[in-house]
Structures are given as C-alpha cells and as structure tokens.
Amino acid sequence: DGGITQSPKYLFRKEGQNVTLSCEQNLNHDAMYWYRQDPGQGLRLIYYSQIVNDFQKGDIAEGYSVSREKKESFPLTVTSAQKNPTAFYLCASLKVGVVGFHINQPQHFGDGTRLSIL
Amino acid sequence: SQQGEEDPQALSIQEGENATMNCSYKTSINNLQWYRQNSGRGLVHLILIRSNEREKHSGRLRVTLDTSKKSSSLLITASRAADTASYFCATALQGAQKLVFGQGTRLTINP
Chain A
1 DGGITQSPKY LFRKEGQNVT LSCEQNLNHD AMYWYRQDPG QGLRLIYYSQ
51 IVNDFQKGDI AEGYSVSREK KESFPLTVTS AQKNPTAFYL CASLKVGVVG
101 FHINQPQHFG DGTRLSIL
Chain B
119 SQQGEEDPQA LSIQEGENAT MNCSYKTSIN NLQWYRQNSG RGLVHLILIR
169 SNEREKHSGR LRVTLDTSKK SSSLLITASR AADTASYFCA TALQGAQKLV
219 FGQGTRLTIN P
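Chains A and B, in that order, are what the protein sequence lines are. Numbering (our numbering) for the first sequence: 1 to 118. Numbering (our numbering) for the second sequence: 119 to 229.
Think of the hints as simulated: they come from the structure by calculation, not from any bench. Do not take every clue at face value.
Quick list of in silico lysine-lysine cross-link-like pairs, DSS-like style, CA-CA up to 25 angstroms [what the hints assert, rightly or not]:
id	chain 1	residue 1	chain 2	residue 2
1	B	K144	B	K188
2	B	K216	A	K57
3	B	K188	B	K174
4	B	K216	A	K71
5	A	K95	A	K70
6	A	K70	A	K9
7	B	K174	A	K95
8	A	K14	A	K83
9	B	K216	A	K70
10	A	K95	B	K216
11	A	K71	A	K57
12	B	K144	A	K57
13	B	K187	B	K144
14	B	K174	B	K144
15	A	K83	A	K9
Input sequences plus hints: build the corresponding full structure.
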C-alpha cells in the first residue's frame, strides 16, 4: 500500500541537541510539507518542497532545517535554536496537478512524530 | 488572526444526531478543504470544494461554501461514535502554494 511513513513515533531531545525527523512517501508525489501542531491547535507550516533540491520556508521556519535530496524523502531537523520544540510534527505530500501547483489536490498525511524535551 | 476560524471549538452530541461545523476565512481562495484527525494521528482528507462550487456531498458528509460570506460548513448526518475526532478546514489561497488550517472543531459523539 502506498502512503507516508514518519519515524520515529516518539522522540526526545536534550537541551542543545539537534534531532532529525524522518518522512518517506511512496506515493510518487511531487510536493512535501512539514507542519507543527501544538495541543488543541491547528497546523502551522514549517517548510515545504515542490521538487527535489528545492524548498521554501513556511510560516514558522526559524529553528528548523530541511533537505530534499530524493523525491521520496523530506527529513526535518529541529535544531537547538528552536527554543520550544515540544509539539506534534506532521508530514504531508501531494501530487502536483497538470496546471499549477497545489491546485485542487488534497494533501496526504503521515501519522506524526511527537517530540518532547528531556 | 487566523485565515480560517472554526466554530464551535468543541461540539458534543448524541449518536444519531447531525453535527454542523462552520469555517470562516478572510481572503479569496482557490478551494477549501475539510480534514479529520483522530487523537494522536495524522489528518485524513474528507472533501475539497472549489471556489466556484456551492455544495458537495460524500456519503454522510455535506459541505457548503458561500464565497460572498467567506464561510463554509461541514454537516455530518446520522452521527456515529466513530465520528468522534477533530475536524479542520483548510483554505488554498489564490496565488499561494500552501494551505492555511483553522484551529479545528473537536467533535464528541456520545453513545
């Protein structure tokens, strides 16, 4: 079955440490996204990538970094510069339409990684 | 403030009743999407309605869109315990390459 796999499901970070969250998809989707969700809140966009070797900052990119070396993979690094990293992180992807980018296409989500501070 | 704001923030009803959730937004959109999130899980896409559409149905779900009022509603008919989840609207802004999510409505169906 095709889908998006996020790992690990739970992750703990020590102060001053960088951690990397994995996101892999086998849907042959072009675009991939990282969101942050705080308790009882909606999703906020961290970074997104439309094609390999290209990505754009979202609304809350500070303290995060990404790479897109392969179409299937879009890892997110939470750096020590992110002072409040405790949150639920969701990865999503979508198939780019013939005309335009995200136009009229739903996003497909992984099951998330919950990051906590030790 | 948020592009998409949902109302109510929480809704608790009896099984078999209908549930209605509303979403308002501020700027012109290309489409509006509704997603469901079960506790501790990712989001699942429910319905996408384009800016030139007024109503769409999918099984027990009915979505309406009123672009003059910049609002949308999601109706779940004959609710079931399995419908217990958070529901989010997301707007695809014209000219933008991303979705903007509301803060969600937490729906509880009581048996």
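- In rising order, the numbers of the hints this structure does not comply with: none
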